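Q: These are the residues of each chain, in order.
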Amino acid sequence: MSSDVDVAAPGVPLPEGDEAEEHAGIWRRAYDNVKTGNLGIVPIVIGLVLIVVFFSFKATNFFTADNFNNIVVQMAGTCMLAFGVVFVLLLGEIDLSIGYLSGIAALTVAEFQLPGSGHQYPGLVAIAIAVGLCTLIGGVQGSIVARVGVPSFVVTLAGLLIWQGVILQVLEIKGVIVIQDKWINDTAIYYFSAAAGWIIAAVVTGLYTFVTLGNVLGKRRAGVAIRSPLLVVAKVAGIAFVTFGTVAISNHAAVPNGLPLAGVLVVIFLIGLTYLAKRTPFGRHVYAVGGNAEAARRAGINVARIRILGFMISGAMAGVGGVILAARLNSVDLNVGGGTLLLDAISAAVIGGTSLFGGRGEVRSAVIGSLVIVTVSNGLDTAGYKTGTIYIVTGVILLLAVTLDTIARRLQAKSGR
Amino acid sequence: MNGTPILQLRGISKSFGSVQALSDVDFEVLNGEVMALVGDNGAGKSTLIKCIAGIHGFDSGEILFDGKPVSIHGPKDAAKLGIEVVYQDLALCDNLDVVQNMYLGREERDWLYRLKEPVMEQRTAETLKSLAVTTIRSIRQPVASLSGGQRQSVAVAKAVQWNSRLVILDEPTAALGVAQTAQVLELVKRLADQGLAVVLISHNLHDIFEVATRITVLRLGRDVGVYERQQTTQQEVVQAITAGIPTKVSGIAETDAEAIL
Chain A
48 MSSDVDVAAP
58 GVPLPEGDEA
68 EEHAGIWRRA
78 YDNVKTGNLG
88 IVPIVIGLVL
98 IVVFFSFKAT
108 NFFTADNFNN
118 IVVQMAGTCM
128 LAFGVVFVLL
138 LGEIDLSIGY
148 LSGIAALTVA
158 EFQLPGSGHQ
168 YPGLVAIAIA
178 VGLCTLIGGV
188 QGSIVARVGV
198 PSFVVTLAGL
208 LIWQGVILQV
218 LEIKGVIVIQ
228 DKWINDTAIY
238 YFSAAAGWII
248 AAVVTGLYTF
258 VTLGNVLGKR
268 RAGVAIRSPL
278 LVVAKVAGIA
288 FVTFGTVAIS
298 NHAAVPNGLP
308 LAGVLVVIFL
318 IGLTYLAKRT
328 PFGRHVYAVG
338 GNAEAARRAG
348 INVARIRILG
358 FMISGAMAGV
368 GGVILAARLN
378 SVDLNVGGGT
388 LLLDAISAAV
398 IGGTSLFGGR
408 GEVRSAVIGS
418 LVIVTVSNGL
428 DTAGYKTGTI
438 YIVTGVILLL
448 AVTLDTIARR
458 LQAKSGR
Chain B
2 MNGTPILQLR
12 GISKSFGSVQ
22 ALSDVDFEVL
32 NGEVMALVGD
42 NGAGKSTLIK
52 CIAGIHGFDS
62 GEILFDGKPV
72 SIHGPKDAAK
82 LGIEVVYQDL
92 ALCDNLDVVQ
102 NMYLGREERD
112 WLYRLKEPVM
122 EQRTAETLKS
132 LAVTTIRSIR
142 QPVASLSGGQ
152 RQSVAVAKAV
162 QWNSRLVILD
172 EPTAALGVAQ
182 TAQVLELVKR
192 LADQGLAVVL
202 ISHNLHDIFE
212 VATRITVLRL
222 GRDVGVYERQ
232 QTTQQEVVQA
242 ITAGIPTKVS
252 GIAETDAEAI
262 L
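Chains A and B, in that order, are what the protein sequence lines are. First residue of the first sequence? That's 48 in the working numbering, and the numbers climb one at a time after it. First residue of the second sequence? That's 2 in the working numbering, and the numbers climb one at a time after it.
Just chain B, same shape as in the assembly (with noise of 0.2 Å):
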């Protein structure tokens, strides 16, 4: 985990009227890594990803892409840096099959306007299988049809698809099986094996200690601290989200999460 973080985000603060939403908050992802946010309800991991994503503007701070500053005014610019969100509510059009849904606003087509279906199914079932997706039993059903996994593994898929470089998926597992959480968790590894930057928003450690390489926690809208998988325990981490202490407060010099838990 070398080089120039793909992502990262300077001082960012937010705020809703009186609430505020973020309060400068430092957070950075790696080409090839799972990096975890956590926090409990209200910390600002949605605010936080949504500023990333362009839904909302944020008051201050600056966000690097390639160690390059840009500005981020709506998904599409997201979307043309190469980042790509899974929300929660997937997003998917539950009328088209899953075929559609995958190359829905990006068809191929052909000189006559109209859509190759075939290839479309062809490289959806590719996708779907390079990424183990085997559950689904027709690319062609309607997407209604499926199971919350599959939905899922559909809305990922769909995301990865498209050159993209940076995945955050915002609590994937969170309605899902035993079963299911594992198939998507072994997905996240798998996208990050590629090179892919993954943030992943959860609020089950076990399924983060699973997966991430890095973990970093929110509270009260600041960020508390970065832990390394490797170095560090569950209880070190839901310390940190319950009674986390800002490692970064205005005006006051940088004091040492480590020295004080």
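One chain only, chain A, in its complex shape (with noise of 0.2 Å):
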């Protein structure tokens, strides 16, 4: 294809110094990142590690299995509605419905899963209805802001307050509905086996390092350089660490014991979304949209599309976090998708380092973020503390978040030409 054009000068000489230079490697490539405002995960991490010994100290029932586990299945819910948050905000834009556009995704869970109610499904079809529904009312957003050129600050906030109005009108006649199905229930309280906790931390770790040598095949193949062969030993050395380290400390756990499904869905959404941010010419063309949306035009993309899918994800990850909020509570009612939701969703991301200013960040992000939210507020809730210092403290993180990746942002800024 690009061969007719592609033009033939033999005999121009490689550039000089490119060995040497691309043994330069992690250095010189963790120069450029933080000079043009990547910052990595690297900050968070370690903020992550200094809140866990903290809380240790100061609580005493904090550094346990059973808080492990504890936290794991606190942080799925609003993980999931993080993924989504990513995704938006890598476009540029915002998303304020997806609190409550979670408590519709529970309220329609519940609703389709009520025996006697003449319209009761399977568990896994009223989750997929729950889930379908928000895509739609993301997709409908999205249209909104992509098409007609809402700002999605309005159209989201608009979103927030029609969605929290239906689920007042639904409930209010209803009070609480009961979610008895064990499908649904499932998703927030089974636990895994220890053997069959093993055995995914070995799938995992083996998916893991397949990919890894398949993508380094491939670039061989290429004849493309390997960049730091090190450096992928220790990433998958890494994960190793990280996953069968979670299924020991989950296994040792006495009530509940076992590795939470609640995680392994997390794990899951973690996979298939970095899969289609990074591998994909969907997701690349977020990160282009988000970059520099005019390039993106000239360079043909349906820039209007990207979005509207954009705001689908967001939808649909509401409406997972949504199930699963739910099923931890094996109910709904009038409070659901209410309270810090939205904003620990949001934050989630941020702190996780996600740009809210587009085109930056990681589907991890969300993971990581919602883990050092949920770890703070579980810590200071162990420790004894109210609520109102837990929201002060998350918000005085959130704050040093945002300021670290405003300041990265002007480095960018500076760099560039």
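Worth flagging that the hints you see were computed from the coordinates, not collected in a lab. Here the structure is a predicted model, which is why all the values come from computation and not from measurement. Honestly, I wouldn't trust all of these hints.
[What the hints assert, rightly or not] Within a straight-line C-alpha distance of at most 20 Å, the following computed DMTMM-like cross-link-like pairs (lysine to aspartate or glutamate) qualify:
| id | chain 1 | residue 1 | chain 2 | residue 2 |
| --- | --- | --- | --- | --- |
| 1 | B | Lys-77 | B | Glu-63 |
| 2 | B | Lys-190 | B | Glu-211 |
| 3 | B | Lys-130 | B | Asp-60 |
| 4 | A | Lys-325 | B | Glu-211 |
| 5 | B | Lys-77 | A | Glu-341 |
| 6 | A | Lys-266 | B | Glu-127 |
| 7 | A | Lys-266 | B | Asp-111 |
Put the two chains together into one complex, using the hints given.
A: Following this line, the structure appears as structure tokens:
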């Protein structure tokens, strides 16, 4: 394809010093990244470790296997919402409706599993209906943003009010809907047996190793230099350590014992959405639209379509999160989707390193960010602090994270041109 | 230089409200030539290329591509014909790396809808090498960390790697240092040697005399002459830019620019 115009100018020597440059490797890339505003996950991981160490000394019941499982299940719902937020933020947009949208999903799933209601479906079908509905709503909101040009802040703020209103209208009459369906409740309260946990850890590690090897081989076949083989090995080792470590702790817990399904769901979505963001043309276009929408348009990308799909992902993930959050409580009541859920999800994505200004961030930032938020609130809770303190501390952490991001962006502006 | 021009504009007029940006402009480019488009600020250079690129419509006149009349209603139509424009503001995504920018919107993918990164990386390296763009340290670094000349090179490489036949460069050397300017001009020459038609817009006559085959001068929205580089001088071109007289004024028989100057 490119060969016609790929000006064949034979005899042009290879850029000198290429080999040496490649091996300057890790540090050079890290420097480039920092210079261009990509701080990576290092600061936030250090922060998380500090938080864990702090609470381990502060609260007696914090650093236990049981509490580890608690944190995993607590963060799962928020994390699902945060996954969606990452995509919307990457596009340089915002979605304020996801909190109550997740409430709509909870309400829907509860309604469609309700025995004797005339529309009782199997749990999985109910889940599919709920997530599908949220995806559709996300698509409608996204269309208004992308096609009509109403700012996403306003569209989704309206969504926030509308879906809250719908929830109030429905539940004012019904009060509380109890969820009895096993499939639905299992999303939050099922724990794998010890053996199953080990198998899952082995599968995840094996898959990661397999994919990484595939990439390395692909690069070698294409004759492209493999950067920093040490880093590749370190990454595989790191993944193995984290997965097996997680299972070891979970299996060590007394009540509830074993690896929580909710945690596994988080990992599944983490892998799937990372694939979507980093390995597919769609993901590439999301970054492009967020980075420079005009350049994306000139490159022939259908910007409106990408934006709408982004909002659909946001809606879908709000739906998934809503189901898990409802399952944790086994019921849906008037407070569903409210409280700090929305702000926690957005904070999670931002604390995890996704920029509010679009074009920079990773899917994994949702996981790290929600871990930070949930760990802080869990730790403060365990140490006997009140809700007020939890809000204040979370707020300070959010401010720190955004300040860091803003400084990074200014560095980028300076390094450009 | 013979045969039909790849692109030929006949009597293009365009006004923005009461401002006549272009009036009755003729313009042509042949395959394998660098046609420079010069003129003072407000002469209508940008408007003219925007008409060619399909960003503006024009009020009257016609565009012939390969000798056939075509209608260009948008950037996509232009791209379909093989016309690529490298704008002054470059249109690169700062947050993406060189490879990602080169393939933006036309990514290679496999049956799993997966990006073929190694293939794209390798071809990008080849393209840049064949254009002798050697100063970029790593094609996996974000474009934000590149210098102005490097960005310009990437933007040009991006424009020409897709079967394009006519490349329009808008002030490609405006913000560059001496060495980088030389690099970009070298690139421009190489494009023409490949048989591509190149339209070069620039304020810098020195640059133009180094690479152009012919020079079209615009003044106040009219074309005031086409000069063969070999048979003209910078002085003559400057004179045309500042005080050129249209060779063709509606209602008046064609005048000979050479005779007047």
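Q: Indicate, hint by hint, whether the structure satisfies it.
A: Quick rundown of the hints versus the structure:
no.	hint	result
1	Lys-77(B) - Glu-63(B)	holds (18 Å)
2	Lys-190(B) - Glu-211(B)	holds (9 Å)
3	Lys-130(B) - Asp-60(B)	violated (43 Å)
4	Lys-325(A) - Glu-211(B)	violated (44 Å)
5	Lys-77(B) - Glu-341(A)	holds (14 Å)
6	Lys-266(A) - Glu-127(B)	holds (15 Å)
7	Lys-266(A) - Asp-111(B)	holds (15 Å)
The earlier numbered hints that this structure contradicts are 3, 4.
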